[in-house]
Amino acid sequence: MNINLTLFAQMVTFAVFVGFCMKYIWPPIVNALAERKAKIAEGLAAAERGHQEQALGEQRALDLMKEAKTQAADIVGQAQKRATDIVEEAKSDARVEGERLVAAAQAEIERETNRAREDLRERVASLAMLAAEKILQKEINVDTHRSIVDEFAKQL
Amino acid sequence: MASSEMMTSQEYIQHHLTNLTFGLHPEHGLGFAHSSADAAEMGFWAINVDTVFFSILLGGLFLWFFKGVAEKVSAGVPGAAQNFVEWIVDFVEDNVRGSFSGKNAMVAPLALTIFAWVFLMNLMDLLPVDLIPYLFGQLMATFGAEPHHVFLKVVPTTDPNATFGMALTVFFLVLFYSIKIKGVGGFLGELTLQPFGKWGMPANLILEGISLLSKPVSLALRLFGNMYAGEMIFILIALLYGGGIVLAGTAGLLQFVWAVFHILIITLQAFIFMVLTIVYLDMAHQEHH
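Protein chains in written order, with the numbering used here: chain A, 264 to 419; chain B, 25 to 313.
There's no promise every hint is true.
[Claimed, not checked] Far from chain B, by Cβ distances over 12 Å, these chain A residues were calculated:
| id | residue |
| --- | --- |
| 1 | 279 |
| 2 | 348 |
| 3 | 350 |
| 4 | 408 |
[What the hints assert, rightly or not] With a cut-off of at most 25 Å between alpha-carbon atoms, the simulated SDA-like pairs for lysine to any residue come out as follows:
| id | chain 1 | residue 1 | chain 2 | residue 2 |
| --- | --- | --- | --- | --- |
| 5 | A | 286 | B | 106 |
| 6 | A | 302 | B | 117 |
| 7 | A | 302 | B | 119 |
| 8 | B | 96 | A | 287 |
In short, the hints are calculated from the structure, not lab data.
The structure presented is a predicted model; accordingly, all values stated were derived computationally and were not measured.
For every residue, glycine included, the Cβ atom is placed at its ideal position computed from N, Cα and C.
Could you put together the complete structure from these sequences and hints?
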């Protein structure tokens, strides 16, 4: 419990310790702490920025989606219109085609009828000739009586 | 305990309160003191080997550990040791920022050194009072020394030399920065011109002088007193172990309770020493009007 030289020894030791601490220990640790603090602040700011960008992106995505929906609706509408147009066109085409077929068929019928009539006329003329031959018992000159036969045939 | 069986209680206490002093005795010459009276007779030119040894050992431990962390310190994810060190550094830095308004790169490392060093020195108080002194006595006995005359105090802060050593260093720093910041005139003016103005100069000097001188004294004596008293109680409790099974059981309980309470005192005293140092240095850096 005596105050002695230990006092000075302790003072010197203390001063040396403080000097050592000040030179080799305090600065690196405090720098690291400050650096980490800066990093964390940076990270938080980045996160905040990220949030804002996300909100912006979501908004943009919504806008795009809305636009796409209207476009899709337009396209569907146009397609439907086009489909009805095509159907209408096909209907009218079919009608025209049908009329054309009917007309062609009628013409064919007409032609056939005429040919049949012609045929029939020929047959009747020759039959008439045969009949007349038999009646008169003599030959009739077909060429000389052609006009009479044709006249007869026409009346059929 | 072991050594008390052969000593009276008084001798036991005395034995524990004597430092291992090395110095020049007027009669026995250069050597270790064999009794506290011897140590007193050596006067100023003697050194308490135990105090110096343990304080340097503990301070070295602190510096070694912190230096190891400081070398590998990274701003990334800290490891366990770095986490622990950062926690302490952060705590000290908070205190310095809260109490110290000036700009001085030395104050924070000084505060850290005080806190860690004083804490470690106080922590020695939690070792069983007889453990190291007994082992040391036995060790010295193998060299032919009488164990009862081998002294050892393992808690450096129970030696006023240690506490006054730190307190005086802090005091010199206070004086140095007072004069550096305010100039010799400013410092003397602060001592003599307030609170009563220039006509009350003697009264001012007495008041301010006492308040200035009380700083290192209170700083040193507070720490010394607390640790000395704590150590004393541990010694008294240790004495109970020799008094039969009931007293020994009581002593065990008391020792546990006191040790738990002492954890608080140890930390608190280290903290108080640090904070007061910061505050004193802050006052040294401030101009009073």
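How the hints compare with the structure:
A beta-carbon of chain B comes within 12 Å of the beta-carbon of residue 279 (chain A); the shortest separation is about 9 Å. Residue 348 (chain A), annotated as away from the interface, keeps every beta carbon of chain B farther than 12 Å; the closest lies near 70 Å. The beta carbon of residue 350 (chain A) sits about 71 Å from the closest Cβ of chain B, which is more than 12 Å, so the claim that it is off the interface holds. Against chain B, the non-interface label of residue 408 (chain A) holds: every CB pair exceeds 12 Å, the least being about 133 Å.
As the CA atoms of residue 286 (chain A) and residue 106 (chain B) are separated by approximately 18 Å, the hinted pair is consistent with the 25 Å bound. Among the hinted pairs, residue 302 (chain A) with residue 117 (chain B) is consistent with the structure: their alpha-carbon atoms are about 19 Å apart, no more than 25 Å. Distance restraint check for residue 302 (chain A) and residue 119 (chain B): the Cα-Cα separation of roughly 24 Å lies within the 25 Å cut-off, and the hinted pair is therefore satisfied. Under the criterion of a C-alpha separation no larger than 25 Å, the hint pairing residue 96 (chain B) with residue 287 (chain A) is consistent with the structure, at around 12 Å.
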